[in-house]
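J.: Using the sequences provided together with the hints, build the complete structure.
Counting from 1, position 161 in the sequence shown corresponds to residue 161 in the working numbering; the numbering is continuous, with no gaps.
Source of the hints: derived by calculation from the structure; they are not laboratory data.
Backbone N, C-alpha and C define an ideal beta-carbon position, used for all residues, glycine too.
Mixed in with the good hints, there may be bad ones.
If you anchor each label on the Cβ, the simulated ranges turn out as follows [claimed, not checked]: (1) V236 to V161: 21 to 31 angstroms; (2) D238 to L110: 47 to 57 angstroms; (3) V154 to A104: 31 to 41 angstroms; (4) I131 to G254: 18 to 28 angstroms; (5) I158 to F261: 19 to 29 angstroms; (6) T182 to Y89: 17 to 27 angstroms; (7) G246 to S148: 13 to 23 angstroms; (8) A104 to N189: 18 to 28 angstroms.
SDA-like mimics (lysine to any residue), calculated; alpha carbons at most 25 angstroms apart, straight line [stated by the list, open to error]: (9) K185 to Q44; (10) K66 to Y212; (11) K264 to H114; (12) K213 to V253; (13) K185 to A104.
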Amino acid sequence: MDSIYNGVVPKGVFMRFATYIKTAAVGFLSVANYRTEIWFLIVQRILVLAGLILLWSVIGGASLGKTYSQLIAYFLVANGARELVDAQYGKFGSSTIDDIKNGAISSFLLQPTHTVPFLFFRHFGTRGVEIVFSIIFIAVGIVLEPPSSVLAVVLFLIVLVISLAISISQSTMVASLAFWVTESKGIKNAVCHVARVFSGSLIPLSFFPVAYKGWVVFNPFASYAYLPTTVIQAGVVDRGLWLQIGAAFLWAVGLILLSQFIWKKGIKNYEAIGL
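T.: As structure tokens, this is what we get:
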């Protein structure tokens with residue numbers, strides 16, 4: 001059994017967490033060497049967001065109950081939040097699929113760490129630019145449409161944690177399919193496209209027809225963009241928002257358990273066929 005580190009934290013837990021942090025730092029330094037790619041990434045993010053805002057300004061925000069400023073604030077926060085939790089392109093899933101297909105996963109399984117957290121922190125370190133950019137988007141959106149209360153800010157942060165858990169679970173489940181399916185990236189891309197529509201980053205879920213809006217706001221992908229943005233911009237945190245936050249929490253718990261189950265099944269299959 002691990003001894004107690006400073007009488008509070010088990011030494012093994014502390015050492016594993018230190019390993020995760022070092023792994024993230026190495027990933028960040030490796031990406032920082034490619035400055036040209038970083039600038040291309042920045043330009044890409046600006047153009048995508050500008051195109052989205054232009055599209056909805058042409059459609060007419062006023063006719064949908066939002067001013068031009070509110071539309072900009074919504075898309076800044078929504079897309080910033082989605083990028084922050086790595087739900088934009090599912091790159092964690094892609095990198096894990098590559099590790100499984102090229103056999104690199106074998107060396108990670110032998111390490112005295114939990115494999116999925118280790119892989120995530122390694123991937124997290126390569127996302128320094130995206131994280132900074134997403135925080136800037138969120139900050140500008142909040143300046144344009146300030147929150148009405150401290151409660152809204154606290155709930156916004158809680159929802160971000162929930163959405164991160166859902167995002168990691170989604171990527172883990174999709175990546176686990178690589179243990180059985182050769183071209184699992186196609187499935188990953190399909191899931192990402194569905195998530196983009198139902199997250200609210202492309203189309204605010206409040207703009208959906210009334211017949212669908214009642215249930216679509218409770219889908220797990222809504223926590224990536226629509227839910228955190230609605231929480232931080234809501235004048236009042238009403239019963240409907242509390243229900244959406246509760247549903248997102250239940251989705252997070254369920255998907256974490258399901259992703260762990262599928263991952264363990266995949267590992268057993270991987271070890272059984274001797275890859």
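J.: Hints first: check each against the structure and report whether it holds.
T.: The hints, checked one at a time:
A hinted range of 21 to 31 angstroms for the beta carbons of V236 and V161 is consistent with their spacing of about 23 angstroms. A hinted range of 47 to 57 angstroms for the beta carbons of D238 and L110 is consistent with their spacing of about 51 angstroms. Restraint check, V154 to A104: a C-beta distance of roughly 40 angstroms satisfies the suggested window 31 to 41 angstroms. Between I131 and G254 the C-beta distance comes to about 27 angstroms, which sits within the given range of 18 to 28 angstroms.
Separation of I158 from F261 is about 25 angstroms and conforms to the stated range, judged on CB atoms against 19 to 29 angstroms. Our hint of 17 to 27 angstroms for T182 and Y89 holds, since their Cβ atoms are close to 21 angstroms apart. Between G246 and S148 the CB atoms are about 21 angstroms apart, so this pair conforms to the stated range of 13 to 23 angstroms. Checked against the given bound of 18 to 28 angstroms, the beta carbons of A104 and N189, roughly 21 angstroms apart, stay inside it.
Using a Cα cut-off of 25 angstroms, the hinted pair K185 and Q44 holds, with the two alpha carbons roughly 22 angstroms apart. A threshold of 25 angstroms between alpha carbons decides the hint, and for K66 with Y212 the separation of about 20 angstroms falls inside it, so the pair holds. At most 25 angstroms may separate the alpha-carbon atoms for a hinted pair to count; K264 and H114 meet this at roughly 12 angstroms. Restraint check for K213 and V253: the C-alpha separation of about 24 angstroms stays at or below 25 angstroms, so the hint holds.
Of the pairs offered as hints, the one joining K185 and A104 holds, with about 17 angstroms between alpha carbons and a cut-off of 25 angstroms not exceeded.
In this structure, none of the earlier numbered hints is contradicted; all agree with it.
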